[in-house]
Amino acid sequence: MPKRTDIHSVLIIGAGPIIIGQACEFDYSGTQACKALREEGYRVVLVNSNPATIMTDPEFADRTYLEPITPETVEKIIVRELDQMRALGVPVDTPGSQIANRKPQIANKLVLLPTLGGQTALNTAMALHRSGALERHGVEMIGAKAEAIHKGEDREAFKQLMLFVGLDVPISGTAHNLEEARAIAEKIGRLPLIIRPAFTLGGTGGGIAYNRDEFDELAKHGLDLSPVSEILIEESLLGWKEYEMEVMRDRADNCVIICSIENFDPMGVHTGDSITVAPIQTLTDKEYQIMRDASFAVIRAVGVETGGSNIQFAVNPDNGRMVIIEMNPRVSRSSALASKATGFPIAKIAAKLAVGYLLDEIRNDITRETPASFEPTIDYVVTKIPRFAFEKFPQADPTLTTQMKSVGEAMAIGRTFKESLQKCLRSLEIGRSGLGGDGKPWRIGSEVYGDREILPRDVISRKLSVPNAERVFFIRHAFRAGFTVEEIFQLTKIDRWFLTQIKEIVDFEEKLAGVRN
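Here this note's numbering is used: the first residue of the sequence shown is 1, the next is one more, and so on.
Source of the hints: derived by calculation from the structure; they are not laboratory data.
Take the hints with a grain of salt, since some may be wrong.
As the list claims (entries may be wrong) - Label-pair distances were calculated between CB atoms; the ranges are:
(1) Gly439 to Glu486: 26 to 34 angstroms
(2) Glu135 to Arg300: 25 to 33 angstroms
(3) Pro192 to Gln501: 47 to 55 angstroms
(4) Gln501 to Leu88: 18 to 26 angstroms
What the hints assert, rightly or not - With a cut-off of at most 25 angstroms between alpha-carbon atoms, the simulated BS3-like pairs for lysine-lysine come out as follows:
(5) Lys145 to Lys76
(6) Lys503 to Lys418
(7) Lys3 to Lys35
(8) Lys35 to Lys463
(9) Lys340 to Lys423
The beta carbon of each residue, even a glycine, is placed where N, CA and C say it ideally should be.
Produce the entire structure from the sequences given, and follow the hints as far as they go.
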């Protein structure tokens with residue numbers, strides 16, 4: 001299917017200011033998309049409130065608006081751009097015009113691409129849709145239709161859709177006020193409970209409630225921060241294994257998995273705050289294929305016609321039960337990681353799919369021979385580790401929860417998980433040369449310990465039992481103090497395979513120390 005010839009201008013909404021949960025990954029994606037669309041001959045109009053981004057450089061868009069990303073501002077920009085198109089001699093196709101069905105087809109449409117600017121762009125596009133502004137001005141939403149965005153982002157709608165297609169979801173309920181939230185908590189019947197606000201980014205407003213007071217506080221906070229005053233209250237999946245799938249689909253219903261990602265940390269830690277590994281390391285081929293088929297069922301059911309989506313799963317390590325956690329019907333933070341891990345430019349391909357191309361019509365930039373419909377395969381391991389800056393936020397709680405707290409991340413590639421983990425830890429720029437063995441001291445509260453000193457077991461247990469930014473380092477200390485893989489698993493719920501890999505690093509460190517001595 002060739003590209004659409006009825007589109008004259010594409011309006012892209014950026015992600016706005018860099019904040020926790022919405023960082024430069026969306027600038028990376030937006031820049032790719034702007035370049036791809038201009039290569040195809042479309043006029044690109046960009047709206048972004050952040051002048052410090054790469055995508056706002058003059059060469060990436062034909063016109064750039066440094067304006068607040070609000071529905072009112074974007075509607076004014078739409079009106080201005082339609083006037084600009086008329087000034088250029090374009091017979092603009094708007095409601096009531098007589099040229100909508102004229103043949104041959106001419107480039108006379110302004111379309112909106114909202115899937116590249118994170119949650120900010122999606123929320124703005126949905127507000128424009130609900131207000132009737134897009135219909136009023138004849139602007140079509142491409143990449144993902146409003147109905148698909150609603151199904152993917154609205155917690156209750158997504159839950160019912162997953163049940164309809166036969167996929168398991170956590171026991172949960174949706175509330176719009178505190179009374180409804182309390183009723184759902186009573187119905188589920190056990191604490192802790194996980195609270196997830198609708199239409200927010202980075203888990204903003206969410207958290208884990210361990211008692212009734214925490215539940216009321218988190219429910220109120222989540223309702224306040226959700227643009228539609230809606231929260232999902234679900235059973236605790238703490239300790240379950242978490243996985244992500246980056247999926248792409250085109251208009252002909254071709255679906256491909258771009259990258260599979262496994263979270264090192266179990267459920268209960270936001271995926272943006274978790275160490276992640278690609279490809280998935282601890283599933284059998286049969287389990288992976290089940291998850292792959294489920295991903296395709298999800299993207300089809302939600303109705304994302306073109307582009308990429310991020311789908312998150314949880315698996316109970318005790319019995320293998322798999323549930324769907326959520327879906328992002330857009331280019332996400334994980335999409336940037338998947339792009340760099342596989343070399344597959346997700347945002348670029350998503351932009352081309354949005355304007356009509358099929359996956360088998362787009363050439364793979366890496367192989368230069370195969371089309372984009374071939375699923376990428378990698379013979380190496382990619383590890384991502386988040387970077388925290390709690391020293392700059394002394395009032396912040398350093399415990400990692402379902403609300404994202406990291407301010408950046410490092411990524412490394414290695415032939416094995418051990419190699420990529422060590423490289424990534426060095427890349428964090430926190431003064432460490434890997435897991436340890438660099439001779440630098442460790443400060444825990446007011447106590448200072450030498451790098452080769454054996455830490456007290458109670459100190460290690462406290463550090464392992466609560467998710468925190470330094471937990472991976474204390475796994476090393478635990479092995480050096482004589483903890484077994486099973487003991488550490490019971491404290492952390494980190495998969496035994498990952499713990500065994502770290503133990504092998506520690507064993508090798510001890511071997512090297514013996515040679516040196």
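Checked hints:
1. Our hint of 26 to 34 angstroms for Gly439 and Glu486 holds, since their Cβ atoms are close to 30 angstroms apart.
2. Roughly 26 angstroms separates the CB atoms of Glu135 and Arg300, a value that falls within the hinted 25 to 33 angstroms.
3. Taken as a hint, the range 47 to 55 angstroms is violated for the pair Pro192 and Gln501, whose Cβ atoms sit roughly 29 angstroms apart.
4. For the pair Gln501 and Leu88, the supplied restraint of 18 to 26 angstroms is violated, since their beta-carbon distance comes to about 59 angstroms.
5. Distance restraint check for Lys145 and Lys76: the Cα-Cα separation of roughly 21 angstroms lies within the 25 angstroms cut-off, and the hinted pair is therefore satisfied.
6. Restraint check for Lys503 and Lys418: satisfied, since their Cα atoms lie roughly 10 angstroms apart, inside the 25 angstroms limit.
7. With a C-alpha separation of about 16 angstroms, the suggested pairing of Lys3 with Lys35 holds against the 25 angstroms cut-off.
8. Straight-line distance between C-alpha atoms of Lys35 and Lys463 comes to about 46 angstroms, which puts the hinted pair past the 25 angstroms bound.
9. For the hint pairing Lys340 with Lys423, the CA-to-CA distance comes to about 16 angstroms; that is within 25 angstroms, so the pair holds.
Hint check: violations occur at hints 3, 4 and 8; the rest are consistent with the structure.
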